[in-house]
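Asker: So you can see what is in the structure, the chains are spelled out below.
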Amino acid sequence: MHISYFTERPYRYVPNDMVIQNGFFGNPNKFFDPVKGGQLLNEYLDEKLLAEELGFDGVMLNEHHDTSFCMGSVMNVEASVLARITKKVKIALLGNPLPIVGNPLRLAEELAMIDMISGGRLISGWVRGGGSEQFASNANPAFNREYFNEAHEVVIKAWTEPGPTRYEGKHFHYRFIDPWVLPIQKPHPPIWIPGLLSPETVEWCAEHRYPYIALATFLPPTVDLWNFYRDAAAKHGYQVGTENFGYLQKVYVAETEEKAHEIAKYDMFGGAGIGYSLFGQPQWMFPPGYNSKQATQRIARQFSAPDAIIGSLWANAATGGAQSAQQTRQNISAAQVEHRSGIWGQTRESVESTRQQIFGSFPDVERQFQIICGTPKTVLPKIRKVLECLRPGIFFFWQNDGPIRREDRVNNIRLLGTEVVPAVREMGKELDLKSPFEVQPGSRRLPPSGKAESIGSLEPVAGLFSQA
Amino acid sequence: MAQGSQEWQEETLRVDQTDLQTIKGGTGRPLLVLHDELGHPGWLKWHSALARDHTLIIPLHPGYGRTAAPEWIRSIRDIAGLYSIMVREQKLAPLDVIGFSLGGWIAAEMAACNPDQFKRIVLVAASGIKPTEGELRDIFQMMAPDQLRNSVLDYENTPEFPNLFGGIGPEQFELWEDARAQTARLAWQPYMHNPSLDHLLGVVDTPTLLIWGKQDNFVPLNAGEIYQRSMRNARLVTFDQCGHRPEIEKLPDFLRETQNFLA
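Residue numbers (my numbering), protein chains in the order written: chain D, 1 to 468; chain P, 1 to 263.
Calculated directly from the structure, the hints in this document are not laboratory data.
Idealized CB from N, CA, C, for every residue including glycine.
Treat the hints with care, as some may be off.
[Claimed, not checked] What the simulated footprint calls covered on chain D by chain P, stretch by stretch (three residues with Cβ under 8 Å from a Cβ of chain P suffice, anywhere in the stretch; the number is not a length): (1) 234-243; (2) 287-295.
[What the hints assert, rightly or not] Residues from chain P that keep clear of chain D, each with C-beta distances beyond 12 Å, as calculated: (3) Ile23; (4) Ser48; (5) Asp154; (6) Gln182; (7) Thr183; (8) Leu186; (9) Val203; (10) Arg256.
Whenever a hint applies, use it, and build me the whole structure from the sequences.
Answerer: So this is what it looks like as structure tokens:
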């Protein structure tokens, strides 16, 4: 089992009311202070060092643009620093937003340099980028999938084919590919794909034998998508194993239950905390042509319902339409929508009452394991349930989003590293959760019957999801 | 398939290898009608009025929900090329054309490539040219219903506004999303304009009527002024207290000007 550490690296000093009103995208950057931001970025880098010191196998970065919830606008810069200052941990970049990078050959070079400087510790990953990110980079959302596919081809070609070579696609054109920086890892660094359960992406992963990392998604639809991957993998002639799957789990620990809850509650305001999938208002989340036809039909149906809860459709679209156990998100989202002007409804509810609704939803969030918090002793049985349910070979701890103080963040990591991670590692052994470093993804043969076996099951968490 | 009082029918024209869905209605000389970036808004009062003296030919743009988009169409000029093939194959030239917003841009591209295919040109709030005063509003930063409402100055007091597209329903929402996606494919960057268009329009001496709302906040009036300066024989008519849809916001004025011009 591979155990890694992740935080969104939020800019903590954002006016909370503004985010409650607008979501995380589209807020003016006059509220950003680069001095404070720089200090935070350094603290987050130091916290990665601490994670390494405490025995995590890896650290993970992600990238978002024009938002306070994640300062990793160019995560390759952070990864470059980590490549030099860390010694052992794998550096997972989940992921580079291929459709918005503009120049995938340069991306291939940047990543190659990170792999070289780190001595071959890079784990690459690709994402499509959120809807808002298409605006942030002026990347045509209607070509998002096409950009993604072509950029992926360019990167792999640059990494694996002897130069000089050539690529001429619909969108990207290179008549001379011959980079003099190449990854140490052969044929190329591992590639893991993070996502929010889009079936198209899962199918693509299965085809390429890339592990799929579910980003703190609800457990029932996650199990469904595991099975979807299983079937797609079978079509490509292999049996999935734990090495094909990763899961990102929010975990907060402190010396007492009360303290852990106090910190974890603030998570609801940070990271993707407010309603989880609410990066911004609908027009930022659904740029033209960005969604699949299927997702657009879902949006259309909900949009035209008399009492359309726009927030719920954001959540549904983000999770590929998975319906179960999303009421919490929907409630929060609906509360937010109340504040929006224009067609989404006039202001009908105060910021304060929305804040209370957000806090009020915490018990549901906790009950359904969207956030696990407590003392090291009390979080372990819950983590075990998640591991038994999803059987991931890769497990990311996600924490320290929202306006959480430095000492609490560090304490959190320290308790995780000293008391939780060792126990989780033992669970991984007991449950035989093999990582992609132990079993090559896609290398397992199908059973003689030809019928692929499932990896995940909801049985261990039965009762948690009454709607499931 | 005219049924009852329906004034139009839909037919399929095979152009190049594209099955172009086309609305046809009216009697008289052909008038090519090029719809805007949200799609064909339905048969409105101005359609009926112009259909008394013209046969309206309204191709539904490839990729805008009804006509499948061939892969090779990647710019507004490509659509202009497809329609030029249609005009030639249907032996319609020279004919009159009226284009609205993005449809006006298509008409302008057709004229710039081959001015002789048109007898008279009407451009209504046409995009395609970047104004030097004001900016082309980014329609991609709003959802379709907002886009529709913002296109007129005062939607609550525009009588025909609720008839546009037959209102908002799930099917229409999907069609709008198709239209917006295709507009993004064709006009995301440079945004809603072709930097060479004003130069290429220099050869066009076809009589042209430009109609603009003074308060158009999608394509500022200044773009209309540049169209006028770029073309050799263009007249610009403006309506006060009018946004991006003069054909419904100022219906009597719009009909007076277009009917006089096309008479």
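Asker: Please verify that the nearest CB of chain D lies beyond 12 Å from Leu186 of chain P's CB.
Answerer: 9 Å, violated
Asker: Beyond 12 Å on every Cβ pair: is that true for Asp154 of chain P relative to chain D?
Answerer: 15 Å, holds
Asker: At least three residues with a C-beta closer than 8 Å to a C-beta of chain P: is that true for the region 287-295 of chain D?
Answerer: Holds: 4 residues of the region 287-295 of chain D have a Cβ under 8 Å from chain P.
Asker: Once the closest CB in chain D is found, is it more than 12 Å from Gln182 of chain P?
Answerer: At roughly 7 Å from the nearest Cβ of chain D, Gln182 of chain P sits no farther out than 12 Å, so the non-interface label is violated.
Asker: How about the region 234-243 of chain D: do at least three of its residues have a C-beta closer than 8 Å to a C-beta of chain P?
Answerer: With 0 residues close enough to chain P, the hint is violated.
Asker: Beyond 12 Å from chain D, beta-carbon-wise, is Arg256 of chain P?
Answerer: Per Cβ check, Arg256 of chain P is outside 12 Å of chain D; nearest 34 Å; holds.
Asker: Is the claim that Thr183 of chain P lies outside the interface with chain D correct, judged by CB distances over 12 Å?
Answerer: At roughly 7 Å from the nearest Cβ of chain D, Thr183 of chain P sits no farther out than 12 Å, so the non-interface label is violated.
Asker: Taking the minimum C-beta separation from Ile23 of chain P to chain D, is that value above 12 Å?
Answerer: 23 Å, holds
Asker: Please confirm whether Val203 of chain P is truly not at the interface, meaning its C-beta sits more than 12 Å away from all C-beta atoms of chain D.
Answerer: 31 Å, holds
Asker: Regarding the assertion that Ser48 of chain P does not contact chain D, is the least Cβ-Cβ distance greater than 12 Å?
Answerer: Given a closest Cβ separation of 28 Å, the condition holds.
Violated hints for the displayed structure, listed by number in ascending order: 1, 6, 7 and 8.
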